[in-house]
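*Asks:* Whole structure, please, built from the sequences with the hints as guidance.
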Amino acid sequence: MNELTPFFWEQIFLKNMILMSFWGCLLLLVEGQGAKESLIKGARFALCIALAGLLNGIIHAVFVPSDYGTSFWILFLASLVAIQILHTWGELEGEWMGMPRFVLALGPMLGLHICIFQNMNTYTEVLIQILGASTGFMITFILVASLREQLELAEIPEILKGYPSLLLSMGILSLTLLGFRFL
Amino acid sequence: MTEKATLWRDRSMSRKTDTFHQVTLLGLLPLLGGTTRLSTAIFLVISSFLVALMVRFTSFLLPSAWQKKTSWVFTVIVGLSISYGVTAWVFPFYIWGPEEILFFVLLLGITPLTYLGCVEGCDWNTFFRSFLLFSLLMPGIAVIREFFGQGIFLGISFMESGFAPLSIFAEPGGGFITLGLIILLYRFVPYLTAKNERKEK
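Each protein sequence line maps, in turn, to chains A and B.
Just so we're aligned: 21 in the numbering used here is position 30 of the first sequence, and the numbers increase by one with no gaps anywhere.
Just so we're aligned: 825 in the numbering used here is position 186 of the second sequence, and the numbers increase by one with no gaps anywhere.
Everything labelled a hint here was simulated from the structure, so no lab data went into it.
Treat the hints with care, since some could be wrong.
Simulated crosslink set (EDC-like; lysine to aspartate or glutamate; CA at most 16 Å straight-line) [what the hints assert, rightly or not]:
| hint | chain 1 | residue 1 | chain 2 | residue 2 |
| --- | --- | --- | --- | --- |
| 1 | A | Lys27 | A | Glu143 |
| 2 | A | Lys6 | A | Glu116 |
| 3 | B | Lys834 | A | Glu149 |
| 4 | A | Lys6 | B | Glu810 |
Now the stretches of chain A that chain B is said to cover, found in silico as 3 or more residues with beta-carbon under 8 Å [unchecked claim]:
| hint | segment |
| --- | --- |
| 5 | 4 to 15 |
| 6 | 61 to 75 |
| 7 | 82 to 95 |
| 8 | 157 to 163 |
Glycine residues also receive a C-beta, built at the ideal position from the N, C-alpha and C atoms.
*Replies:* Structure follows, in structure tokens:
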């Protein structure tokens, strides 16, 4: 097994950006509605997260030296480009609690990339990290959206319906991922 | 299925005005990630309030012609700049805790709660009420997670030697579980009241 393989799996399980790092949690709670809808939605979000990361990496490698202050703004610009792509696909339209939905997508995009560039790995490692994180995001997005749908259908007390049962389930799911510590 | 999904959406919409649900959702990132220690939680509450206040003041300076989406991109840039500045300013002084706090202060720029003050129709009363609730929730969750997860309170151990804490509370999953239980607790009294009323009828 290649030494980069555990690195990839680590991004999916132990550093999952929804269940372990929480960056994509709000985006999931707001946008994740039902299993079927989330299949395409999750893939789109994951693709754009990966795209923002790749764009950011290319700009870094070709034009800008590794200065943290500059990289922070490149991260932001790359995220805006990815959000614009999501807009063209019809995602993140409208408002949520009075603010535009694009604010929700900044969490997973910027959070992941700040973390990647704080660690200052090699470009291959960064690439693996981006691929692993976006794959992990997509899997969790679909999984939790399905879970949410099932919880709505389940015969549980009214008090548990909605966010409490979902958060408790996500907590258990998150603890399950800790079982992959051997990686 | 569509009916169920709509039901969920409708419920979320009806909770729009509920400050508790608004705060727990808007501040989800610090509520889950920044509550492993009480000192971190207190520090994050102060930082988030300062950043949100500065963002709100800056939004007043925007020309009225800059409405809707254009002004929001600008507001987010201001919010990120302020959170970045606060992180850089705080860094030399923050010596007593884990470095993760700096990361979370930086992430305040992408926390929707920071931009609550810029939402149309949000007056000072709503703004302060939301942050008061947030400042109660953060240490509340942190106390539970620190005490049960690590067996300490503000760095002081109250447990006998050899005591094994419930380490799940210190793990990321513990954040979800604690927040879920707190929302459950919040709903409990209205649920019981409604149940009793139904019985009486």
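*Asks:* Any of the earlier hints contradicted here, and which numbers?
*Replies:* none
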